[in-house]
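Participant: As a plain string of letters, each chain reads:
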Amino acid sequence: MATATSKRDQGAVAGGTNAGQERRLFWLRFGALAFLLAAACALPFYLSNYQLFEFSQAFIYAIALLGLNILIGYNGQISLGHGAFYALGGYTTAIMTTRWGIHYGWTIAASGLLSLAAGFLFGLPALRFEGLYLALATLALALATPQVLKYFDTWTGGSQGIVLDKPPVPLDLPLNQDQYLYYLSLAILVLALIMAWNLLRGRVGRAMMAIRDNPVAAETMGVHNALYKSLTFGVSALYTGIAGSLGVLAVTFAAPDTFNVFLSIDLLAGSVVGGVVSISGAIFGALFIVFVPVYAQQISQAAPWAILGVFLIALMYLMPNGCASLLHRLWGALEKKIAGASAIPADLTPFEDGAAEEDQRSARAASGD
Amino acid sequence: MQTFVAQVISGLSTGGIYASIALALVLIYQSTGLVNFAQGEMAMFTTYMAWSMLNAGWGYWPAFVGACLFAFALGFGLERLVIRPLETAPELALVIVTIGLLTIFNSVAGWIYTYTIKPFPSPFPAAPIKVGFMVLNPQDLGVVGVTLLMLALIYLFFHSTRLGLAMRAVVENPVSSRLVGIRVSWMLALGWGMAAVVGAVAGLMVAPLVFLEPNMMGGVLIYAFASATLGGFSSAGGAVVGGFVMGILENLTGTYITLVGTKLKLTVALAVIVLVLLIKPTGLFGRAAVRRV
Amino acid sequence: MGTRRSLVTLSLAFLLLVLTVGLIAAGGVALADEPGVTASEVKIGNTAPYSGPASAYGTILKTSAAYFKMINDRRGVNGRKIVFISYDDGYSPPRTVEMTRKLVEQDHVLLDFAPLGTPCNSAIWSYMNRYKVPQLFVLTGASKWGDPKDHPWTMGWQPTYSSEAATYAKYILEKMPQAKIGILYQNDDYGKDYVNGFRRGLGDKGRKLIVMEQTYETTDPTIDSQIVNLKNIGANVFFDVTTPKFASQAIRKAYEIGWHPVHFLNNVSASVGSVLKPAGLEASKGLVTALYEKDVTDPRWEGDPGVKEYLAFMKKYYPQGDATDGFNVTGYLEAQTMVYVLKRAGKNLSRANIMKVAANIHDLRLPLLLPGVRIHTTPTDFYPIEQRQLARFDGQRWELFGKVYDVSGMSR
Chain F
1 MATATSKRDQ GAVAGGTNAG QERRLFWLRF GALAFLLAAA CALPFYLSNY QLFEFSQAFI
61 YAIALLGLNI LIGYNGQISL GHGAFYALGG YTTAIMTTRW GIHYGWTIAA SGLLSLAAGF
121 LFGLPALRFE GLYLALATLA LALATPQVLK YFDTWTGGSQ GIVLDKPPVP LDLPLNQDQY
181 LYYLSLAILV LALIMAWNLL RGRVGRAMMA IRDNPVAAET MGVHNALYKS LTFGVSALYT
241 GIAGSLGVLA VTFAAPDTFN VFLSIDLLAG SVVGGVVSIS GAIFGALFIV FVPVYAQQIS
301 QAAPWAILGV FLIALMYLMP NGCASLLHRL WGALEKKIAG ASAIPADLTP FEDGAAEEDQ
361 RSARAASGD
Chain A
1 MQTFVAQVIS GLSTGGIYAS IALALVLIYQ STGLVNFAQG EMAMFTTYMA WSMLNAGWGY
61 WPAFVGACLF AFALGFGLER LVIRPLETAP ELALVIVTIG LLTIFNSVAG WIYTYTIKPF
121 PSPFPAAPIK VGFMVLNPQD LGVVGVTLLM LALIYLFFHS TRLGLAMRAV VENPVSSRLV
181 GIRVSWMLAL GWGMAAVVGA VAGLMVAPLV FLEPNMMGGV LIYAFASATL GGFSSAGGAV
241 VGGFVMGILE NLTGTYITLV GTKLKLTVAL AVIVLVLLIK PTGLFGRAAV RRV
Chain R
1 MGTRRSLVTL SLAFLLLVLT VGLIAAGGVA LADEPGVTAS EVKIGNTAPY SGPASAYGTI
61 LKTSAAYFKM INDRRGVNGR KIVFISYDDG YSPPRTVEMT RKLVEQDHVL LDFAPLGTPC
121 NSAIWSYMNR YKVPQLFVLT GASKWGDPKD HPWTMGWQPT YSSEAATYAK YILEKMPQAK
181 IGILYQNDDY GKDYVNGFRR GLGDKGRKLI VMEQTYETTD PTIDSQIVNL KNIGANVFFD
241 VTTPKFASQA IRKAYEIGWH PVHFLNNVSA SVGSVLKPAG LEASKGLVTA LYEKDVTDPR
301 WEGDPGVKEY LAFMKKYYPQ GDATDGFNVT GYLEAQTMVY VLKRAGKNLS RANIMKVAAN
361 IHDLRLPLLL PGVRIHTTPT DFYPIEQRQL ARFDGQRWEL FGKVYDVSGM SR
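Protein chains in written order, with our numbering: chain F, 1 to 369; chain A, 1 to 293; chain R, 1 to 412.
A few of these clues could be false.
Stated by the list, open to error - Straight-line Cα separation of at most 27 Å, BS3-like style, residue types lysine-lysine; simulated pairs:
1. R:Lys208 x R:Lys170
2. R:Lys69 x R:Lys347
3. R:Lys347 x R:Lys308
4. R:Lys205 x A:Lys263
5. F:Lys166 x R:Lys149
6. R:Lys343 x A:Lys118
7. R:Lys343 x R:Lys132
8. R:Lys285 x A:Lys130
Bear in mind the hints are in silico, worked out from the structure with no lab data behind them.
Work out the full structure: start from the sequences and follow the hints.
Facilitator: See the structure below:
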């Protein structure tokens, strides 16, 4: 697996035999990305503050889901307890800004680092658990979070929670606070996406995936499994902790009820719906978490959860490997059409070559089958 | 001493509640290899069915049997209609589907029956039994007894009937099972149906203690997961022992570790479980799956 | 693997995002001068849990919604129909913020009526006051909602938890100076409010009467262990701060294990129909609580026109609801208070005027409030209901006894 990926990367870098088509593909991809980024940047001029707030929340969840995807999709470790890291990030920011008066910017970084450390430390014992047992050990983490938050009330304000201020707009930018928060979340999301992309395409990413696909083989090939698995847990928690920090800044309130077990389950559901073995899946998953419950209750006020459940099941029927997986294929077909089917080197058309199968395998590995 | 004994007894009876749902979880895991998040809500829903039958004037035992039949049909039908089409989907997709089922059952039950708690009759006598200074509640004893009875029946089923052996074979090796003529897909549906029946019996036993309402099983499911993890997901007996240990452990933590008291009792109990897993990663009674490299 | 493709699909993700935006933007509404009010309509918002573990409370707002529908069938308030928009927040504070912002910024409601839950209201507290949108008659008994100086746009409704607890404390000091008090409370702000009010009511000396405090979480399946501990410590007074399901469990468990303390049950769970009946009327004998609403199952109110009207209303407008559930009585009374304020505001339905009217309710007596209980506010007193009367359960109904306690000034 690892070798296949590296070969493809080399093929892509070397340009293969048909440099013209290669370049066309590159510009197509670059153009699509640039267009979408520009569109995202333009949104604040068209949307109300409330809608911006919703999108900010989606961006923030996307950061958290990205962390979860790295862990589950690319390293084969499942977590039902990422709400705990979200809470850790959120409370770090809440406590640092309100008690110590530290600038929120520093607290975002501190939240990330603290979560990284916590995730790494939790990842160490978690090494011994596999599949189902890891899922349930992490579930324990999620369950304990509200109780622990309430217990240390001198720090956390107990069940009353902590009210904080919205981040002020810096440098006299001509933005209101919601617009600023939107750009802030967007910027951090883009940064997070690039970092994840970079991480996963490199040596570290290949090692992570090798462990997922065949831990014994990876170990024999010289990958330090234990270190990589704990580190992945840490990195994953880092993303989620940063999201938690931003989430609390957006809502301006942190309370134990925010971080109950349903947050962790929401995160897992978002991750799977979006597509767990993908980077972009995080965005789809986040859109699901933020928007679908709102639409669900428009359909049925009496039983909103029933509608949500139907949506969840329907999506799994339509896209068992997540939205991203389906879009990968559609995009692949589009590229083929534009660049000409024969023009693409064989190892650049992985869209049908068992993307689903691969997703499935890793997901199975994640649940210990 | 009196407190200690009382807490152990009380822990056994709540442990019985956890054990009964844990048993259903383990059963479905053993017969289909899946963790069913909707198990608790299915049990809740079938208990409401029994409640409806009782309200329609049925006797307790006819309603009991009716609910079990309904549960079997529900479990069987869900496997055929909802789970089966996703046979080739990744396991995580199936987990999400069961979470979807959880929200649907919870919401629909609330919609039909409202969230007001309802008393549910018990088949056991109401008068408490006094043994020395201890006061035993027949319903508590009943939950423990019925859970142990179900465990025995499940053991007998899996070890002494052809059907049970066939179901075990399907989980161990579906391909070979198919080759020897076992209808694999029906076995899986059967597993769902049976787990639903075990859940239904659990619901009928638990409802008199915690009252019937749509969220009756939410907390129980969490503890059942913890119990099954502690005992080992691959062992039905382990899950039941895990349930009892969990119940007692939680009570004793809340009572004797005064530093944390009741405020952190769940956290401490969970920490103990994680510690146990560190020493024995497949639970107290679980077998480690041998993997071929 | 597939990171390259991921980058590409990333683009598609953004595309989807833009499409979503387009759809939403198309549905946007222009800002009105007087939000939520037209010649024929007045728009009112709300958030409550209709899904998740706290969904038992949702019925309160369903009753309110049904009440508004009845008002609309009777030609509305001053000729305007009430448009009631109630969103599900699942008792999750971030969701409350999101849905409340939707109400205010997208639906342009005139006010936020009876949002439910202490953490949920805390999350929108500063937002509502910054944007000067009335957050009226919030459905929580925390004492912080009566703060007209710093939060002039937020007002409570029900008697505060802490003042109720103080009432019990006063009674205990008076009648049972030798009490050994055991407390069971829900480990959250609601439970803590009660316990703090109780301690304050007991004073420094009385505080020594408390022999044990036990807590439970809403996720706990049972509270048997806690009851056993309270019995074994030898408590003869039981202060029971639990929500309905756990209250029923506590009443029954105490009875079963032969523990018969003087049992003070918080008003939250005083409903005969939905708490005491399930627990067993025999087991409920001797319970003490503080009431401010009529219990509609009480035979004493059989001919009472207010109760009759309520039962007829429930039958016609909310037949799925359980009329004997105390929560529904609360929803009915809340809605009545709201309609009263809208009526009084008359033609001037500005947000400022709504607050002004809400802050100047004089001795409003609603038919489902107990005799002697009234809704009364002033610009410096944002605690609408401050009277209650102790009652003892005699196996059939709450038997009121003693005087009507007026706790004006000790709601905090």
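Participant: Run every hint past the structure and note whether it holds.
Facilitator: Checked hints:
Straight-line distance between C-alpha atoms of Lys208 of chain R and Lys170 of chain R comes to about 14 Å, which keeps the hinted pair within the 27 Å bound. In summary, the hint linking Lys69 of chain R to Lys347 of chain R is supported, as the alpha carbons are separated by about 21 Å, within the 27 Å threshold. A distance of roughly 32 Å separates the Cα atoms of Lys347 of chain R and Lys308 of chain R; the hinted pair therefore is violated under the 27 Å criterion. Proposed proximity of Lys205 of chain R and Lys263 of chain A is supported: the alpha carbons are some 26 Å apart, at most 27 Å.
This hinted pair checks out: Lys166 of chain F and Lys149 of chain R have alpha carbons roughly 22 Å apart, not beyond 27 Å. Proposed proximity of Lys343 of chain R and Lys118 of chain A is contradicted: the alpha carbons are some 39 Å apart, above 27 Å. At roughly 21 Å between alpha-carbon atoms, Lys343 of chain R and Lys132 of chain R fall within 27 Å of each other, so this suggested pair holds. Taking the CA atoms of Lys285 of chain R and Lys130 of chain A, the gap is about 22 Å. The hint holds against a cut of 27 Å.
Hints 3 and 6, counting from the list given before, are not met by this structure.
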